[in-house]
Structures are given as C-alpha cells and as structure tokens.
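**Q** Single-letter residue listing:
There are 2 protein chains.
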Amino acid sequence: MSKIKELGEFGLIHRLTSKLKFQASNSILGIGDDCAVYPVKSGSKEVISTDALVEGIHFNLSTTTPEELGRKALSVSLSDIAAMGGAPKRVLVTLGISKKISVPFLDKLYAGFNTICKRFNVELAGGDTVSSPNSFFINVAIIGEANRVFTRRGAKPGDLIFVTGTLGDSSLGLKFLSKKTKRSKDHNFLVGRHLDPTPRVQEAHILARSRINITSMIDISDGLAQDLHHICKASSVGARIQESQLPQSPEFSRTCNRNKINPLPFLLNGGEDYELLFTLPSDGVKNLKRQFLKAKALVTQIGEITLKPKKVSLEKSDGRNIFLPESEGFNHF
Amino acid sequence: MSKIKELGEFGLIHRLTSKLKFQASNSILGIGDDCAVYPVKSGSKEVISTDALVEGIHFNLSTTTPEELGRKALSVSLSDIAAMGGAPKRVLVTLGISKKISVPFLDKLYAGFNTICKRFNVELAGGDTVSSPNSFFINVAIIGEANRVFTRRGAKPGDLIFVTGTLGDSSLGLKFLSKKTKRSKDHNFLVGRHLDPTPRVQEAHILARSRINITSMIDISDGLAQDLHHICKASSVGARIQESQLPQSPEFSRTCNRNKINPLPFLLNGGEDYELLFTLPSDGVKNLKRQFLKAKALVTQIGEITLKPKKVSLEKSDGRNIFLPESEGFNHF
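Residue numbers (the working numbering), protein chains in the order written: chain A, 1 to 333; chain B, 1001 to 1333.
Simulated from the structure, these hints should not be mistaken for laboratory data.
Note that beta-carbon positions come from the ideal geometry of N, C-alpha and C, so glycine has one too.
It is possible that part of the hints are untrue.
Distance ranges between label pairs, derived from CB positions [as the list claims (entries may be wrong)]:
#1 A:Ser44 to B:Arg1153: 46 to 56 Å
#2 B:Lys1100 to A:Lys179: 26 to 36 Å
#3 A:Thr17 to B:Pro1039: 47 to 57 Å
#4 B:Lys1179 to A:Gln202: 51 to 61 Å
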C-alpha cells in the first residue's frame, strides 16, 4: 500500500484529483496549474487559488515577526495569480489559532495583511477564525481577474526562457535565518527575501497588457529546475539553460564568495524565489526588454526550449552539459 | 491586555477587521455576514466564503468516517452560500495532513467530496496539500452565484420568522456520538444529522427564484437563539419566538421523551443545524408555503420580528415569556 511519503506531493495530488468523478462543465483550466480559471464576463476570466502556511512546516514563530508572516502569507498567494498573468482582487483568510497566539500577535499579523492589500490593491473580503490545538496556520484563498491567461502549457521548441528578478536569495537567506550570530547587511537582505518575498504582480501586469506572445508561465516556488520541469511536462518540450546566465543579486554573489558556498544548488533548487519564469518566441524579446526597462523591472534570458520532451539540461560555466533530474516536489510529509 | 478567550470569536473578528485600513471599492457586502458579495456580470453577484474544520476541535477521527468528514466539510460551506440565497459553483480545498493520515483515508475523504460535488453540481476547482505537525485540518473556500442576495440586514417589525427542516437533531446526535452502547435507529438518524448535515441549497434556490420578499436570512450554525440574535443585531430589531412552534423531528421527540431529556436547550442553542432561518412580510406566507409544499421541503413559522432592538424573547409552552441572552459565539479558544 502506497504511503503519502512515497507518493510525494505531486503524486498525491494526481492520485486524489484523478479520482474525482464529477467535473462541472465551465472550467477553462482545472487542477494542475497555479490557479483554476473560469470565464466571468466577456473577455475577462476569474483565476482562483488557495495556499496554506503551517507553523513548524512553512514558518517558525521564533524566526519571523507576525508582520512579516502576514505579508508573506498574502504574497505567496498573490504570486499564484501573477503566475497566470492575472491581477489579484480579493482574499479570504482562515486563521487556525493555537493557545500561544495572543491578540497583539494577531493585530500585527493583520497589519502585515493590510500592507500587502494596500500595496497591491487587494481586498480582504472575509475569512474564518478557528481554534487549532497545536500549530498556528494561515490559509489564504485568492480570487483574481485576467484578460489573457498564461498557463504552463504552450512552450514551443525555439522559445526563449526568461526569469524576473534574481534567483537563490530566499533559500540562501533561509540558511542564515536561524543563525544566532550578528547578521551583516547582505544577510539581512537575503533573509528578507525569504521572509518577505515580493509577488511579481507588476511584472505580470506588464506581460498581460503587452502584445508579447507569452507561450507559458509559472512562478518559482519549488525552485527553478523543478518549475521548469513543470512547464516542460505540461508543454511536452525540453529546456536548456545556461549557468552563466542565472541572475544573482550582488548580496547573493558576495555571500557565496565570502563563505565559499557553491551558488548552483541555491540558484537551481532553492525554491521560494517567487520570481516569474516564462517563455516567448524570439521576435518578442525586443519588446519585452523595452517594457521591463521602462518599468525598471529586472528580466533575464536564461535559456531556450528544446525538442527533447521533459528533459531539462544545464550548460555549466565550464562548458559541460548536465541533465537536471525532476524531483517529486518538496516532500514535507 | 485582552485575551482571545475574553474577546470571544465575534469580538476577535470585529477587532481584527475593524483595523483593516484598506478596503477596496467594489464590495457590495463585506465582512460580517455569511459570505462576502461582489458584482460580476449584469444582474449576477459573486458570493464567497471560507470555512475550516480542525481535528480535535470540530471533529474526532474516532467518531467520523473519512467519507462523512469529506461530505460535512463541503456541506457546511455550501450552507454559507445557501444562507445568502446563492447557488454554490466551485470550491478550493486545502488539506493539512498529519502523520497518521493514510492514502486510503484521503481516497475516502475525496469520495465524500465527490458525493457532495455531484449532488449539488459543484466543482472541486483546486486546492493545496500541506503537512500539519499534529492535527489534520480541512479548509474549504467556496464561490457561488446569486441574482438576489439575502443578508442578515433588512428584517422589519411585523415580519414573520421561518425556519427550514427541524432543529436540535445535530446537537442531540453529538450527545450519542461517543457513546459506546449500541445505537437505536433514532440515535443513528440524529448522529447522521450531526456528521452529515444537508446544506439547504434546494430551499435557498426556491426562495431565490420566487418573488417572495425575503427580508433577511442566515444559516443556523451557532444555534437558533444565537443566529436569530445575529439577524436582530444586523437589522436593529427584536424577535419573539414560540417554543410550541419549534420544529422537531420524530426521532428527536422520541429520544427526548424516552431519555427524559429537556429538548429546549438543543432546539435553541444546539448549533450545527445548518437550517435556513429567514424573515418575510405576512403577505408572502401563502406563496412560500405553496412553493415549499410543491418541492416537498419542510418550512415552519416560529415567531415574528418585534420593535425592541436586539431583544430575542421566547414564549414558553406554559405561557411565560423569557429573554434569550446573546452569547459571544461558540468559544473554542
């Protein structure tokens, strides 16, 4: 009999959802992408998603402030909407409150919610507060709107692969999160990228309103290699990326250099970057770069889509090529 | 410094939401009713809600089957949509999976989801599976549609108060849930009403498509007395109900008689009935009764709305009148 640990997160989701005998009619895109998509009014689509953060699994109350936690809980949900090219509109928040949680803690958590709602013009529409015997948890359900929806399917051989922002900051920050030693400015930046990621709502908006033919998109939550595999699997293509092209923040580079840390595992598999990973034909590149430059937003070409189905390869800085294996997802079971 | 226990559930929600500085513009009805309501296409409104069930608080894995749990988790959310006069459309389900949860358990849980989705034409649109260190939990976010929206505000003095189905079954069933003795047929019925409540989606549909002027509505989750207080508070009115009119199932009456149980606390404060409680002017009663009779659905007049703000009184079977106090909500903290 298969165990949850053996199935892994993706295997479990596949098993459970494939047994759903009843599927209503009007879904444009169901389970298996960042969001589900439904038609609403003419030309506009509803994009919806839900995400939970659980104490002891996704966060530790000794290493995050309640404000940071409130901001991150909403930001990771906003990132799911951004990954579809949507604009986030409203959220429903469930709090599972354990005994050690105080009213001032919840006040600060809500201050964090409020910051993100205000910054991205999102409404906290309602929610539920329940008691939880041991671990505090937050569930966020989010509703967004999109005119053009970008999914994981549609990448074609020859398309170029782009990523917003920089990679690896969050997972390198996690390494320094629980260290008791005094943190440098660089460490604080990296820790901040982990505890308080920026959902790429603005970048998604640039892509959505442009005429650029975005053929696939995802947000990087499981790590670049894994999420690129998701695109390749859904699009039945392969991908080749260049180590030398992977965008690094100055803080990330300096910290790796000073501490003799190999940056590659963080860049490829770190996860929780919440950057957008997307593909487009080469004739759209000029327009893309112009629009991101205008908005002072970072975007980097990191490779191209290939014919080989589901194979993701990395051209290393020394010229060697290696295949990047697919994981079963972050196995928190 | 106030503690969560002292604030109570309703006090806590009020405190947290009143601090939200940012409220986006397009909500028709925000926090404080069963659902939040948004305009979508012309004439149609989106009604949304979220609910969590936590092991050890809302259910016990030794007294419910996974199928029942799956059905109940969706049913209580469908009931929120019904309470607004809406039709449920799609749900997002988050599972917080603890170590003792097996794959066959989840298969059966999903079979329960599937039953409710099929019965009420609702789509399981997506979700999230996360690990939870100790307690299993389920969060359901639900999206429905409504043409007419029934809220808690709008009851007027002289309006008559109606309730669907029967009261007290669920809370009396809870009493027999953990008893080791062999259950009678009546006990099984009552336990079933607790573990597997029927959301009144059909009844809400009758009301919504009728021309009856429903002035307020709520679903009974906290108990008749408490939920009637919610209507009175939101509508700035009072209410008087008759003990003799409170609808009881034959199974409930027989069990109370045989076991010398006073039925009144179960009828008034039991909670988790998931029946609809609503008000209308007397000129709509004939139409209401005709429509419910046609649909073979139970509806009972239990009292009327009065002038006295926020006062709910009960006319007992012996002729005495008593005021029913308002509680602070089910205090699970």
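**Q** For every hint, state whether the structure bears it out.
**A** The hints, checked one at a time:
no.: 1; hint: A:Ser44 to B:Arg1153: 46 to 56 Å; in the structure: violated (30 Å)
no.: 2; hint: B:Lys1100 to A:Lys179: 26 to 36 Å; in the structure: holds (34 Å)
no.: 3; hint: A:Thr17 to B:Pro1039: 47 to 57 Å; in the structure: violated (31 Å)
no.: 4; hint: B:Lys1179 to A:Gln202: 51 to 61 Å; in the structure: holds (59 Å)
Taken one by one, the earlier hints fail for this structure at numbers 1, 3, listed in ascending order.
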